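Participant: Chain residues, written in single-letter form:
Number of protein chains: 4
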Amino acid sequence: MSSTWGEKVKISIFGESHGNGIGVVIDGLPSGYKIDIDKVLCQMARRAPGKDKTATPRKESDTPKILSGMLSDTTTGAPLCAVIQNTNTKSGDYNGLLDCPRPGHSDYPAFVKYGGFNDIRGGGHFSGRLTAPIVFAGAICRQILESKGISIAAHISSIADVYDDEFDSVNTDLSLIKRLNNSSFALINESVELKMREAVEEARMSLDSVGGTVECIITGVQAGFGEPMFGGVEGVISSIIFGIPAVKGIEFGKGFELTKMRGSQSNDSFCYNGENVVTKTNNCGGILGGITNGMPIVFKTAIKPTPSIAKEQDTVNLVTKENARLSVHGRHDPCIVPRAVPVIEAAAAVAIMNIL
Amino acid sequence: MSSTWGEKVKISIFGESHGNGIGVVIDGLPSGYKIDIDKVLCQMARRAPGKDKTATPRKESDTPKILSGMLSDTTTGAPLCAVIQNTNTKSGDYNGLLDCPRPGHSDYPAFVKYGGFNDIRGGGHFSGRLTAPIVFAGAICRQILESKGISIAAHISSIADVYDDEFDSVNTDLSLIKRLNNSSFALINESVELKMREAVEEARMSLDSVGGTVECIITGVQAGFGEPMFGGVEGVISSIIFGIPAVKGIEFGKGFELTKMRGSQSNDSFCYNGENVVTKTNNCGGILGGITNGMPIVFKTAIKPTPSIAKEQDTVNLVTKENARLSVHGRHDPCIVPRAVPVIEAAAAVAIMNIL
Amino acid sequence: MSSTWGEKVKISIFGESHGNGIGVVIDGLPSGYKIDIDKVLCQMARRAPGKDKTATPRKESDTPKILSGMLSDTTTGAPLCAVIQNTNTKSGDYNGLLDCPRPGHSDYPAFVKYGGFNDIRGGGHFSGRLTAPIVFAGAICRQILESKGISIAAHISSIADVYDDEFDSVNTDLSLIKRLNNSSFALINESVELKMREAVEEARMSLDSVGGTVECIITGVQAGFGEPMFGGVEGVISSIIFGIPAVKGIEFGKGFELTKMRGSQSNDSFCYNGENVVTKTNNCGGILGGITNGMPIVFKTAIKPTPSIAKEQDTVNLVTKENARLSVHGRHDPCIVPRAVPVIEAAAAVAIMNIL
Amino acid sequence: MSSTWGEKVKISIFGESHGNGIGVVIDGLPSGYKIDIDKVLCQMARRAPGKDKTATPRKESDTPKILSGMLSDTTTGAPLCAVIQNTNTKSGDYNGLLDCPRPGHSDYPAFVKYGGFNDIRGGGHFSGRLTAPIVFAGAICRQILESKGISIAAHISSIADVYDDEFDSVNTDLSLIKRLNNSSFALINESVELKMREAVEEARMSLDSVGGTVECIITGVQAGFGEPMFGGVEGVISSIIFGIPAVKGIEFGKGFELTKMRGSQSNDSFCYNGENVVTKTNNCGGILGGITNGMPIVFKTAIKPTPSIAKEQDTVNLVTKENARLSVHGRHDPCIVPRAVPVIEAAAAVAIMNIL
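Chains A, B, C and D, in that order, give the protein sequences. Under our numbering, the first residue of the first sequence carries the number 14, and numbering increases by one thereafter. Under our numbering, the first residue of the second sequence carries the number 14, and numbering increases by one thereafter. Under our numbering, the first residue of the third sequence carries the number 14, and numbering increases by one thereafter. Under our numbering, the first residue of the fourth sequence carries the number 14, and numbering increases by one thereafter.
Please keep in mind that the hints were generated in silico from the structure rather than gathered at the bench. Keep in mind that a hint or two might mislead.
One copy or two, it doesn't matter: identical chains are merged, so the pair holds either way.
Below, in silico cross-link-like pairs of lysine to aspartate or glutamate (DMTMM-like), each with a Cα-Cα straight-line distance of 20 Å or less [said to hold, decoys possible]: (1) K334 - E288; (2) K273 - E179; (3) K191 - D49; (4) K293 - D327.
As the structure is a prediction and not an experimental result, all values here were calculated from the model.
Please build the complete structure, drawing on both the sequences and the hints.
Facilitator: Right, dumping it as structure tokens:
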């Protein structure tokens with residue numbers, strides 16, 4: 014495994030930030046599903062940069078061209094390949110980096126791994142731009158899941174020390190999910206937007222960056238999905254989520270908070286809701302023993318601050334073998350968290366396709 | 014995937030808590046490695062129950078019988094199978110559970126998934142007892158890794174709200190690692206042991222349980238290992254770690270704390286240490302872009318409180334289809350965290366074998 | 014992949030001919046299937062040696078002990094592990110082989126691959142004895158398939174230049190399948206048995222061995238199973254069949270004969286049989302474009318002569334680095350073909366479980 | 014698995030005959046290899062149609078555009094994606110086929126599998142055109158293998174009942190390999206070309222088609238590669254080779270001929286050739302116990318006659334549910350064997366990359 018993920022529905026991501034193009038092959042999609050391409054483009058637009066000051070000013074058209082796997086907007090069951098041409102690349106910005114790896118970036122380990130032959134321009138294959146094909150794949154999967162009654166939404170749970178509310182993971186609000194799905198700065202409590210933007214702007218003005226957390230909910234998955242042990246839902250979701258650049262942590266349900274609870278608090282009691290077995294709380298995030306229990310699946314991810322900052326940092330010069338100083342120029346988001354939201358939703362959609 | 018994990022070195026775990034036996038097949042081990050079986054048994058003893066009041070009074074001999082893959086204590090390169098007979102099983106304790114799923118356990122989703130045919134006695138295949146073969150596999154892998162200069166250690170980072178110190182992840186102390194590797198209540202700062210044991214004892218006296226966190230460090234892995242995107246080291250480690258029962262979260266390096274930092278704080282600056290490129294801090298936990306950077310790999314996992322508690326809880330009766338009350342009897346740890354330490358070390362060892 | 018095979022139902026084979034035991038873990042079996050263990054033992058008895066002069070005089074009890082995955086004869090859905098103890102091993106017979114690799118055997122390449130650390134006694138992990146766990150796994154899968162109306166049978170298609178009849182692959186005779194399933198010298202036309210046994214006996218008397226072919230049929234698989242390209246049914250079946258020692262060729266339907274036909278002869282015309290689309294001939298062996306077409310799946314495998322012969326052969330001495338002469342003593346079948354029949358049926362059963 | 018193959022070097026093939034484009038993602042290529050694109054195009058030209066009367070008159074430019082994974086003609090280590098635009102598609106030719114499946118084609122089973130949503134034009138994803146990306150991937154892999162001293166060549170072993178000579182698989186002739194690698198009608202004994210072309214022309218004049226066999230040799234692979242059992246070299250090669258349309262059989266070394274030999278004839282004796290252990294014959298095709306023995310790897314595949322023939326055939330009409338008659342019009346090769354040669358070489362190259 015590396016840039017390929019999945020067993021039933023397999024995505025194979027390709028491309029480098031400043032190469033000819035990026036894209037994805039989705040192998041294993043069921044046939045006969047009508048895909049609304051406008052909805053796909055809408056998800057891609059949420060991830061696209063250049064919308065406001067939290068994001069890089071680089072403008073991408075990011076319009077995917079579908080080469081295969083669709084006939085008149087319907088999946089054929091054959092592998093679906095979509096390609097996004099790279100345009101508007103300013104490689105000049107990256108020249109100095111060839112010698113001096115950027116702190117917090119893949120530059121140095123990639124240099125060692127690939128013996129210096131990797132395409133370093135824009136981060137190459139490690140660029141955040143490679144999340145565009147993930148969003149594409151997820152937008153396709155999501156439409157198939159929606160036809161089965163499954164919804165997925167994520168929101169900015171925090172930026173720096175500014176917090177949004179959390180999902181009600183027992184009684185989910187489908188109108189909230191719909192609203193979040195169309196937002197490019199997705200928040201449950203929209204009144205915190207200003208404070209969050211201020212935190213980002215402060216960092217930007219200090220030539221710095223900030224991180225945050227993204228919470229994601231998946232509703233409508235019946236009980237009994239997932240496999241025991243290493244095929245558990247937590248393992249499957251985490252293995253795709255850590256494929257997203259800058260993710261450094263993941264927790265399911267109450268996650269790390271559970272470690273401070275007593276069992277009598279953390280256990281979610283069962284009760285009947287009509288014919289259905291439900292839980293009164295959802296501290297386990299809808300997963301017990303790796304298997305879904307029919308409650309919404311909930312997880313939160315930690316997104317580190319964008320490592321590319323204009324502030325001068327210590328690094329090394331791999332050519333002269335001396336210590337060096339570096340300020341990263343070019344177009345970089347002071348905060349990647351808002352754009353990570355649709356990426357995490359998309360990865361979750363691909364994961365759920367593989368669990369069902 | 015399900016009870017099988019790995020690509021280069023693949024482990025296949027089998028067994029049910031109260032069946033005839035449990036064990037593991039390890040496929041892909043290199044040939045010609047001399048294995049010290051006493052060291053393997055020492056790791057298994059660390060996980061074994063019955064040592065003190067934090068653990069279940071069930072005593073297991075847990076002596077693995079090696080059926081294949083070894084000749085005169087040396088690996089042959091063929092799949093290594095080890096079997097542990099199940100003895101001392103008290104199935105009577107579980108009778109009532111067949112109708113009433115235990116809150117916080119896999120009982121209910123497993124009932125749905127397997128249509129009631131799964132072996133529910135002792136949690137069946139979902140039992141914590143299935144971590145014994147993981148420890149066995151890890152103990153084999155660890156000896157091979159040690160011959161390559163790689164060490165792995167974990168400690169109880171917290172129980173309830175009592176915290177141990179954290180690893181120094183820049184300048185690691187190999188004598189500390191050695192001490193932890195032989196401890197059954199592994200702590201960096203041993204003075205917190207009493208407080209932790211008190212927290213567990215309080216929970217036990219309240220017929221309740223507590224959770225905690227485990228921090229793990231892996232030293233000696235060179236820069237340049239791991240694959241991009243979904244083959245990143247974080248994804249590989251997390252996908253095996255979530256196979257351990259009760260794990261609900263994982264973070265690498267400073268993890269969720271990073272989300273509150275500025276980029277200038279979270280980025281680990283590079284510098285030369287003689288000929289070697291090192292970082293001055295290790296907030297990224299030794300992994301950048303999914304690839305090792307040569308610094309120690311560090312991660313922390315969240316362990317939820319043991320769900321089996323004697324305190325009465327709300328549940329449902331799946332036969333009468335009515336709400337019900339349940340107190341879980343039988344032999345259960347009020348705190349699983351100390352015994353999770355060698356399991357996490359073992360899973361890390363299997364993961365690293367797959368990354369190299 | 015190596016000794017592990019399968020995606021949905023994964024088998025992991027372990028053991029060495031003269032080690033403590035051999036066995037299999039079957040991961041991914043559906044729960045709730047009642048297994049008739051006597052039928053399983055009956056299939057294993059067909060493969061077991063010592064029945065007559067075509068086979069090695071080594072007698073194995075070969076009774077598998079099931080450690081997990083079954084409760085009161087019913088599958089639980091957890092991994093099923095079965096272990097067969099090795100008894101009656103005469104390692105002394107193999108002493109000289111450590112220096113002089115047997116022509117036609119894995120000894121030399123295994124020596125290179127494992128650096129001499131592999132267990133050479135009895136062929137180690139490469140021994141034909143390792144097909145016993147395959148038969149076990151296949152016997153379990155076969156019973157599940159039978160409950161879905163799928164039958165599998167194979168027969169000795171040829172030994173040396175003595176030929177049996179071929180299956181009628183358009184109108185299959187289920188009573189024939191039943192008869193073959195219980196035969197230890199499976200033939201469609203039983204009148205050729207004597208001639209075949211004579212061919213084997215002649216080889217044995219000349220201290221030599223003979224090969225042959227095995228034809229296998231699978232009936233009751235509906236149209237539309239299999240995946241395009243590399244997931245095609247031919248590829249899936251061949252990848253497990255070549256895991257059986259001594260198999261050197263496989264062909265589907267008329268196979269190599271098709272290469273001498275015109276398209277108008279080899280194409281199987283469609284017609285309606287009531288509501289069902291059937292083909293008038295079955296030259297394609299039930300597979301078109303890798304996908305089943307609803308007709309019986311038919312394939313034939315080439316089994317090379319047993320390489321272990323008492324006749325003196327040229328070899329090398331890897332210690333003295335000189336040419337050498339070798340006669341292989343010990344218990345060896347002069348013809349492995351009759352015992353390969355249940356192994357091929359079993360591998361086909363495991364393959365079909367993965368295709369459905 | 015389906016249109017994705019491989020573990021170390023994974024190819025993911027996409028596209029449909031008359032869709033927007035076809036191509037391949039190659040994931041896992043080592044970095045730093047200079048690729049001669051002209052040599053790649055040369056291999057693709059060998060497969061391209063329209064060269065003479067044995068092939069379909071459809072002319073494809075088939076120039077692949079490389080989107081990623083290369084920088085200045087050198088592999089970067091990131092996934093390499095190449096896209097071939099589809100041009101010159103005459104979909105009109107296929108209209109009638111929507112109702113009446115072509116005998117010998119995937120039409121009917123694909124209709125069942127995909128519920129009629131698959132792209133039937135030109136065979137869709139099942140088209141022989143999808144072998145172009147395989148040739149591309151193989152041409153890349155082959156150049157990397159050549160730098161390690163490994164050569165691959167194939168030739169038309171037979172068409173109908175006209176036979177070429179066979180490879181000398183003990184003393185291989187590298188100048189022959191070079192000649193074959195550049196031939197579009199690859200023969201060891203070029204004097205049989207006329208007879209073969211006549212056999213094809215006769216079939217074409219009868220509105221019919223013919224099949225044949227392709228023999229492939231791989232030289233320079235050291236002893237000790239491959240895994241035991243299901244990871245054996247025969248299994249790995251066969252699982253990719255059966256992904257090529259029209260392949261219905263494969264045999265290694267003397268294959269089916271071995272079944273008529275005595276062990277003393279089929280066993281390849283070892284001897285020293287200077288320091289090296291070699292075999293005097295190569296009946297096993299360079300593979301013992303699934304592991305390479307250092308001799309050339311040799312295998313032969315059976316290619317069925319092109320199923321698309323102009324001669325009228327019996328079929329069914331899936332709409333009216335009545336029997337029907339069909340003659341397949343459009344551009345079809347009366348014999349696919351010459352064009353299969355570079356495809357088989359390419360698949361072998363991808364397989365060997367995964368074995369090393």
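Participant: Compare the structure with each hint and give your call.
Facilitator: A quick look at each hint next to the structure:
no. : hint        : verdict
1   : K334 - E288 : between (69 Å within a copy, 8 Å between copies)
2   : K273 - E179 : both (19 Å within a copy, 17 Å between copies)
3   : K191 - D49  : within (16 Å within a copy, 51 Å between copies)
4   : K293 - D327 : between (51 Å within a copy, 9 Å between copies)
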